[in-house]
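All chains, full assembly: derive it from the sequences and hints.
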Amino acid sequence: MPFFLLPFPIVDPVAVHLGPLPIRWYALAYIGGFIFGWMGLRALVSNERLWAANQPRPTREGVDDLLVNAALGIIIGGRLGHVLIYDPSFYLAHPLEIFQTWKGGMAFHGGLIGCVIGMWLFARARALPFLTISDICAAVAPIGLFFGRLANFIKPEMWGRPADVPWAMVFPGAGDMPRHPSQLYEAGLEGVALFILLWLAARGGALRRPGLVTGLFGVFYGAARIFCEFFREPDPVQEALPNGLTMGMALSLPLVVIGAVLLLFSLRRRSALA
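Position in the sequence shown (first residue = 1) + 3 = the numbering used here.
Hints may contain errors.
As the list claims (entries may be wrong) - Derived Cβ-Cβ restraints for the label pairs, each shown as a range:
no., residue 1, residue 2, range
1, R271, A128, 41 to 51 angstroms
2, Q103, V264, 31 to 41 angstroms
3, F93, G207, 40 to 50 angstroms
Bear in mind the hints are in silico, worked out from the structure with no lab data behind them. Yeah, the Cβ is synthetic: ideal placement off N, Cα and C, and Gly gets one too.
Structural data, given as structure tokens:
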């Protein structure tokens, strides 16, 4: 037991009651991610300095439809990803639990696949380059990741491995051992740090090279997630793999590879769009 410990801030999972309707922090995290993501999308597409002359991209009004497509993909894909990847036997025996999203259980990689499908449908319907759509969505994705990891911390869930660092915490429901607040590590790396990186890249002209921002997201999100998995306690049944690996590591490695391919593809073009 370390001498210094940070007390875990006990927070009611229900943020506010609107009559008989409880509004949970988990729901507010998603709402906040979508609202600030929508604001970020509109700021990106309306800033002429970030784009080449006549470069096709969504309008400010078109961003509204893009957000709807992406949001539906994230919610449906994230839930189905958790159901199919992490605990299919439980949900097969309790199918009504699939719809009880307020209890937690959203898989990032499933949500990513759903979001990609939503973006592709939007790009196809508007005859816009898919990589341009994925670039602007990738640039704002860390906002939702940040809020999501804070929701994991408040719930609490997805806590860290036992630790003796001064900022270790004893999480309710995780026994008496102090643990890494791995949710905050992920909020900092996958949320704040990645957001800063991608927005600096966008301001530096990355959006003129379709696929560059998406590639950066894939490489750095995948690497950050793999790094944080070393500090997060995996579920011994659903997430633990042999040799100390986890399902999160295994699912994030392809993101790094795909991101690297997109980086090479975008950077090997002779020049950015003029």
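A quick look at each hint next to the structure:
1. Against the hinted window of 41 to 51 angstroms, the Cβ-Cβ separation of R271 and A128 comes to about 30 angstroms, which falls outside the hint.
2. Between Q103 and V264 the CB atoms are about 38 angstroms apart, so this pair conforms to the stated range of 31 to 41 angstroms.
3. Separation of F93 from G207 is about 46 angstroms and conforms to the stated range, judged on CB atoms against 40 to 50 angstroms.
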